[in-house]
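These protein sequences, in sequence, are chains V and L.
Under my numbering, the residues of the first sequence are numbered 12 to 636, in order.
Under my numbering, the residues of the second sequence are numbered 59 to 220, in order.
Simulated from the structure, these hints should not be mistaken for lab results.
Beta carbons: idealized from backbone N, C-alpha and C, even for Gly.
A portion of the hints provided could be inaccurate.
[As the list claims (entries may be wrong)] Quick look at which bits of chain V chain L covers, simulated, 3 or more residues with Cβ under 8 Å:
1. 123-135
2. 365-376
3. 578-588
[Said to hold, decoys possible] What the simulated footprint calls covered on chain L by chain V, stretch by stretch (three residues with Cβ under 8 Å from a Cβ of chain V suffice, anywhere in the stretch; the number is not a length):
4. 64-76
5. 85-92
6. 145-153
7. 171-184
[As the list claims (entries may be wrong)] Label pairs and their in silico Cβ distance ranges:
8. V/G119 - L/D136: 43 to 49 Å
9. V/V566 - L/F153: 56 to 62 Å
10. V/D108 - L/K108: 44 to 50 Å
11. V/E166 - L/T73: 39 to 45 Å
12. L/P70 - V/D176: 27 to 33 Å
13. L/D136 - V/A123: 37 to 43 Å
14. L/T73 - V/N146: 30 to 36 Å
15. L/N155 - V/R161: 18 to 24 Å
Each chain, written out:
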Amino acid sequence: MKNTFFLLFALFTAPSLLGQSSEQHLITLVEESTTGKFKDTIPYEGAAIVDINSRILVKVNIAELEDQMFRFQGIAAQDNRLAKLRKLNELMRNQNDILSLLNDKFMGANSANAKLSDYQAFARLVDATFEEIENDDEIIEIVDSEATERRFNREGGNFALLVFDILGEKAQAIRESLLESLAVDGKVDSTLMIYFRLGAHIKNKTGGRPIHIENFDDLTTEEYIEVSRFGTPISEEEEKALFRNKEIQDSIGLNMNSLGGHLKSTVKAKVDNLFPSDTTKVRFTKLFKNSLDLLNKDISTRPAAQVLLENEINLERVSRLYRFAAENFETFANLFPSEKLLQNETYTEAFDDLGNLVKRAYEAFHGDYLAYSSSTSFGSEIPGLEQLTTVDNSYEDFNQKVQNDIGEAKTMLGGLERLLQTFRKSYVENEDFTEDVRRFTVGKIPSNGYIELKGIGERRAGDEILIRAIIERGQDKSNPNYEDREIYRRYVEMARISPHLKMAGTLVLASPYRRTRNADVTLENQFQFAPSYGIFMKWGSRKNKFYNDFLMPGVGVGFSSPDFNLDGTPEFGAGVMLTAFRDILSVGWSWNFGVDSSYGFIGFNVPFTVGGVPGLNSATGFVSD
Amino acid sequence: MPTSISLPLPIPNLTRVHCLNGLDTIIEDLNTFLDAHITLVILGTFENSKMLLENANQLCLQPGAHPDQRVLWINDIDHLAALRPKFEKAIKNSFPNKEVDLNNIRAASVLPKSKDIAYVIYIDPSLSPDPKDKRKKLSSFQMMRAFNAAIKALPDTDEKQA
């Protein structure tokens, strides 16, 4: 029984498996060189590395996609219509290739140049589909019928295209019947309609930005840049293009620092001025203490001093919280524009607490002051009341100014938080599709698109392309019916795969051979430091990220200026060299033309200068792969 | 190199559907014609013949059709009888391991020069012992498959000639 089941399963799946190995994958990515010499499918899993100047073809498996879209709509997987639709879509997968071949080879003036191999390619493509049709009892009845004969007789054209039309019409009828469940008063409810969207972003240190996929979005292509392989290692224009990203990054960093610095100075001014009430606070505190001392000296005014004394502890609390709030304010300024800042709500809370404490302290004092001023036990003149009134007025002024300052500080903090929230949101959401990414309903989804990497603007080796596909229910995220699901996500890294030239400066330790036989070589040490400059060829790997990111060997020629005779004037040496580990290490053999001596060397691309060795400047000497 | 031959058109407007001349030179005419064309030979009379022959003609003219594609319609009983041994031999050569009843053949595509048969269409496909033949009755779909089979089987001499 089990064997029978497996046999049936194998028989059922064999044609499609034979037809296309990638059948079950929703999206297939194919790298194609712009010259057409290289074309290969990018692996579905693991490292996906393409040449930085290539084109990425995006092939959508319509049969699998429509199946997923209808299931997302709520159609049960067991529904026979889904299986039929999938089969029809699978049968139509060659339609585009057949149409392309017809247009390229057999239409208009092209037909005169068609070769037998073109006719055979066309026959093979058509027959592959026809054989599958013939093996399907239900579909062959539709395609190979009296009605089809009459239609072909009436319409003419290419019979294969007529067959695809018939398959397409049948598929559309099934789609419409599946969409009936979304119909309200005979019309499909757009808030329930399922849409497919496919988009891409370039990802690098600066975050990311959307890039154009032909047929799938309305984004415009960006500046056309080909990363040069040969010629001068780096032209002025290429250098500009390559380093524009860096400039942007630096500029962003600079702006952020500048903004942060600006905020810090603003905040510092605020803190120094704390608040403006800081002056008031100092004045008030001094008045409070002086008044307490003054009233405490005279026995008649001690009851008034008692009012101050009872409120002194509150004033101490105010001072402590005041300092805490000021410290928080400074911390806020120091953290800006860190994302951590956004997760910390203590800043505004501290100010709220301070405001409430000052208010309560003042109200407590003012209550005591009113009680003292309305006391009847002192007769007509209440001792120390005048001084207490001065303190009360000053306290009220202090409270008022503190509340104003806190209000201003909170407004500024709120504004900054909103600003940072927007930055953060835009960073997090930069994978989200804009309205430029088209929505497709079933039956209208293009089966192919491509990303022309030369047309995506600035890019560098190591940058990644994120290709995402989602299906959405409805278009409006605010609608309660809206739902989306990511159905495809793949990062593709760009690397310099094709052989290319690179120049790099390095510091070598040169050791002459047979030095005892050459009187001009007067070195005392085994090795001599010398600056060296190399031009070498490098190439990348499509399979090994470690190789691209770390090993990246190069082979070429090196020029150096050792001073083997120690006369203070460097000689000229040239030879062959090998580099590895992103040019950190190099080895080679050279000839010193000044003293006629050969020497071997080992070089290090060190990030520091060595005394007495001129000429190395890593900022200009090294170019990233 | 065989000399091309232009056989009469059974239906004047069908420029790619031909029939044979008189009985006397039938074998030579057939050989000459088959040598020069990728031919779909249709045997006998059948239902809807006008529409199917028009469609067969269209298959030879449609975009993507090889310029040498032709249809040879043999519907004369005497012609059929005269050519029967030749067809029997060709069938046996082309399908040595397959049981094919010549009386059940409606059409067959023939490769030029070798005259091997590439594809067979039956009068009644259900009579064929091969279950794969069950849909192979005369139709535009099957005629296109027959032409495709012949084109696919052609030796690629384009580059060599160039």
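Verification of the hints:
1. Here's how the segment 123-135 of chain V fares: 8 of its residues keep a CB closer than 8 Å to some CB of chain L, so the rule of at least three is met and the hint holds.
2. With 0 residues having a Cβ less than 8 Å from any Cβ of chain L, the segment 365-376 of chain V misses the three-residue criterion, and the hint is violated.
3. Given as covered by chain L, the segment 578-588 of chain V fails the check, having 0 residues with a CB less than 8 Å from a CB of that chain where 3 are the minimum.
4. For a cut-off of 8 Å, the count of residues in the segment 64-76 of chain L with a CB near a CB of chain V stands at 0, and the three-residue condition is violated.
5. Only residues whose C-beta sits within less than 8 Å of a C-beta in chain V count toward coverage, and the segment 85-92 of chain L has 0 of them, not enough to reach three; the restraint is violated.
6. Closer than 8 Å: that is the beta-carbon criterion, and the segment 145-153 of chain L has 0 residues meeting it against chain V, so the requirement of 3 is violated.
7. With 0 residues having a beta carbon nearer than 8 Å to a beta carbon of chain V, the segment 171-184 of chain L misses the requirement of three or more and the stated coverage is violated.
8. The hint said 43 to 49 Å for the Cβ distance between V/G119 and L/D136, and at roughly 45 Å that hint holds.
9. As the Cβ distance of V/V566 to L/F153 is approximately 60 Å, the hint placing it in 56 to 62 Å holds.
10. Taking 44 to 50 Å as the suggested C-beta distance range, the pair V/D108 and L/K108 does not conform, at roughly 34 Å.
11. For the pair V/E166 and L/T73, the beta carbons lie near 19 Å from each other, so the given range of 39 to 45 Å is not met.
12. Look at L/P70 against V/D176: about 30 Å separates their beta carbons, and that is inside 27 to 33 Å.
13. One distance hint, 37 to 43 Å for the beta-carbon pair L/D136 and V/A123, holds here, with the actual separation near 41 Å.
14. Between L/T73 and V/N146 the C-beta distance comes to about 34 Å, which sits within the given range of 30 to 36 Å.
15. Take L/N155 and V/R161: their Cβ atoms lie about 38 Å apart, and the range 18 to 24 Å is violated.
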